[in-house]
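Respectively, the protein sequence lines represent chains A and B.
Residue numbering for the first sequence follows numbering that gives the first Met the number 0, beginning at 0 and increasing consecutively.
Residue numbering for the second sequence follows numbering that gives the first Met the number 0, beginning at 0 and increasing consecutively.
Honestly, I wouldn't trust all of these hints.
The list treats identical chains as one, so a pair stands whether inside a single copy or across any two.
Unchecked claim - Pairs of lysine-lysine residues, derived as DSBU-like cross-links and limited to a Cα-Cα distance of at most 30 Å, are as follows:
# : residue 1 : residue 2
1 : Lys238    : Lys283
2 : Lys196    : Lys238
3 : Lys124    : Lys238
4 : Lys283    : Lys196
5 : Lys259    : Lys238
6 : Lys222    : Lys283
Read the hints as simulated data drawn from the structure, not as lab findings.
There are 2 protein chains.
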Amino acid sequence: MPQDVTVAYLGPPASYSHQAALGAFDTEEHTFIPQTTIGDIFTSVQTGATTYGVVPFENSTNGNVVFTLDLFRDRSSGYHVVGETYLTVHHSLVSSASDLTGLTRLYSHPQAFGQCEHWLNSTLKGIERIDVSSTSRAAQLVRDEPGSAAIASAAAAEVNGLKVLARNIEDTPDNTTRFFVLQAAEMRSPMSEEGGKGDKTFVAFSVDHAQPGALADGLKVFKNFGLNLTSIASRPDRKTRWNYVFFVEFEGHEDTQNVKDALEELGTFCAEMRVLGSYVDRQKLAKKPAAAS
Amino acid sequence: MPQDVTVAYLGPPASYSHQAALGAFDTEEHTFIPQTTIGDIFTSVQTGATTYGVVPFENSTNGNVVFTLDLFRDRSSGYHVVGETYLTVHHSLVSSASDLTGLTRLYSHPQAFGQCEHWLNSTLKGIERIDVSSTSRAAQLVRDEPGSAAIASAAAAEVNGLKVLARNIEDTPDNTTRFFVLQAAEMRSPMSEEGGKGDKTFVAFSVDHAQPGALADGLKVFKNFGLNLTSIASRPDRKTRWNYVFFVEFEGHEDTQNVKDALEELGTFCAEMRVLGSYVDRQKLAKKPAAAS
Chain A
0 MPQDVTVAYL
10 GPPASYSHQA
20 ALGAFDTEEH
30 TFIPQTTIGD
40 IFTSVQTGAT
50 TYGVVPFENS
60 TNGNVVFTLD
70 LFRDRSSGYH
80 VVGETYLTVH
90 HSLVSSASDL
100 TGLTRLYSHP
110 QAFGQCEHWL
120 NSTLKGIERI
130 DVSSTSRAAQ
140 LVRDEPGSAA
150 IASAAAAEVN
160 GLKVLARNIE
170 DTPDNTTRFF
180 VLQAAEMRSP
190 MSEEGGKGDK
200 TFVAFSVDHA
210 QPGALADGLK
220 VFKNFGLNLT
230 SIASRPDRKT
240 RWNYVFFVEF
250 EGHEDTQNVK
260 DALEELGTFC
270 AEMRVLGSYV
280 DRQKLAKKPA
290 AAS
Chain B
0 MPQDVTVAYL
10 GPPASYSHQA
20 ALGAFDTEEH
30 TFIPQTTIGD
40 IFTSVQTGAT
50 TYGVVPFENS
60 TNGNVVFTLD
70 LFRDRSSGYH
80 VVGETYLTVH
90 HSLVSSASDL
100 TGLTRLYSHP
110 QAFGQCEHWL
120 NSTLKGIERI
130 DVSSTSRAAQ
140 LVRDEPGSAA
150 IASAAAAEVN
160 GLKVLARNIE
170 DTPDNTTRFF
180 VLQAAEMRSP
190 MSEEGGKGDK
200 TFVAFSVDHA
210 QPGALADGLK
220 VFKNFGLNLT
230 SIASRPDRKT
240 RWNYVFFVEF
250 EGHEDTQNVK
260 DALEELGTFC
270 AEMRVLGSYV
280 DRQKLAKKPA
290 AAS
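Construct the complete structure from the given sequences, taking the supplied hints into account.
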């Protein structure tokens with residue numbers, strides 16, 4: 000495969016998104032392209048500037064990445080979800096200072112602050128916190144600012160020549176972030192096995208004059224068709240006050256008859272319904288045999 | 000009533016929370032006490048330091064305030080929700096500068112950035128954004144920093160001697176934030192009318208080995224008892240990875256037999272279930288006659 004198979008991720012390099020992309024794609028066959036925002040990753044896939052995009056979806060400690068949900072709501076075409084991948088996230092406190100005394104400012108991504116809340120409140124309570132676009136950006140910033148530290152990965156410390164002042168400061172030791180892999184609209188992930196048992200499907204829907212009660216009706220459809228739910232989220236639809244777009248993920252592939260029937264029934268009472276994709280965990284895909292050399 | 004009936008709100012003064020508190024409580028009979036964080040508001044009610052607390056719950060454009068949901072999850076006793084109140088939120092760009100040229104930094108609360116996303120991307124794209132604890136704190140900060148501006152209320156501009164460079168920059172003109180009113184655990188809001196028709200009740204529940212599918216079962220209970228859902232949210236439970244605490248609000252008062260029966264049934268398959276309170280919109284409460292003077 001040529002080297003121009005490209006993967007967009009949330010940069011700068013050494014970010015958790017970068018690590019997730021490196022874990023989900025063969026590094027010899029892909030080129031990894033950093034992007035400034037999650038929106039830029041969607042754009043790069045929608046415009047064909049990159050082959051794939053890796054976007055953070057949810058964290059086991061801190062919940063859904065609402066920026067990503069809002070992009071799934073607002074970017075209505077031009078891509079599909081074709082994979083998921085998981086990264087165990089261990090945060091470090093990194094700085095050019097040699098210890099905690101004298102620190103006056105902390106930089107990180109709001110998700111990382113949220114994942115280290117207990118440690119921060121017990122060890123660095125009251126220190127000013129500044130939210131930036133990514134943990135690796137935070138590590139870049141503290142390089143040149145005495146008295147500051149970042150919550151970032153140990154990898155980001157190494158890239159930026161910083162010291163690791165504390166390791167594994169996340170509140171829960173199995174802190175895990177799930178990412179989705181996006182590809183152009185015409186691409187689909189094939190069924191992984193007979194009946195789509197190993198696959199998951201992600202859909203977004205909204206209902207006319209939506210009430211939260213509409214979610215109960217939607218969920219009943221999945222139950223009626225025996226589809227096991229794996230994720231539920233909602234976001235304001237930004238059109239009508241207190242109306243919502245619901246996001247539901249369930250086990251099964253959109254190409255099976257059962258899922259087709261379920262989505263057809265769901266569609267009958269939805270104002271809008273979109274299948275965002277069917278997919279497997281890319282890390283579970285069987286490694287193909289190494290090329291003969 | 001003595002002046003020592005106190006209301007805690009997210010400060011500093013002139014914040015949207017302050018405006019919401021002023022709209023929900025008679026200003027002649029209450030003293031309004033600013034707090035630094037939403038957690039401090041819970042603490043002030045739990046410890047009896049203030050009589051009431053007003054906390055932001057959700058915004059019509061930007062969704063749930065996850066910090067508040069996490070506090071409802073983590074603060075397991077010592078308070079009840081006894082009221083709700085709504086505030087139409089109009090954001091302004093405020094600064095000591097006299098126009099937009101030369102602005103290099105924007106301060107605001109992340110919710111406010113989220114509510115003005117379109118305007119920011121079209122008018123001030125690429126300018127550095129710094130998240131702070133409240134919009135009124137943002138207005139304080141820009142007072143002394145040339146080249147900076149804040150997204151805050153026109154009231155905050157006035158309090159801090161700043162100019163309003165742009166008004167009504169929120170993405171949706173009916174942008175509304177809903178607040179909950181907290182009071183000590185032994186206090187309850189009485190039923191507003193026969194059968195609890197005018198009331199809403201807020202509950203939190205989690206299920207053993209919770210799957211998102213457990214939410215479908217929970218929602219079915221409300222449907223079976225004819226209780227109309229008005230809000231649904233979920234947050235990671237922070238105990239077991241991918242387990243969730245669900246938050247459901249429905250129409251009805253916890254003192255009616257129908258609601259009691261529904262919650263008893265819900266409780267039978269929940270690992271934990273808490274009724275956070277029943278309440279009405281405080282602004283709809285009949286104004287009492289003015290005191291003779």
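Quiz prompt | 30 Å Cα threshold - placement of Lys238 relative to Lys124 | solution = between (39 Å within a copy, 23 Å between copies)
Practice problem: Could you figure out if Lys238 and Lys283 sit no more than 30 Å apart (CA to CA) within one copy, between two copies, both or neither? | Solution: between (39 Å within a copy, 26 Å between copies)
Self-check item: Within, between, both or neither: Lys259, Lys238 at alpha-carbon 30 Å
Solution: within (28 Å within a copy, 36 Å between copies)
Quiz item: Taking 30 Å as the upper bound on the Cα-Cα distance, should Lys283 and Lys196 be classified as within, between, both, or neither?
Solution: Answer is within; shortest intra-copy Cα gap is 14 Å, inter-copy 52 Å.
Quiz item: What label fits Lys196 with Lys238 when the C-alpha limit is 30 Å: within, between, both, or neither?
Solution: between (36 Å within a copy, 28 Å between copies)
Practice problem: Give the relationship of Lys222 and Lys283 under a CA distance limit of 30 Å: within one copy only, between copies only, both, or neither. | Solution: within (27 Å within a copy, 39 Å between copies)
The earlier numbered hints are all upheld by this structure, with none contradicted.
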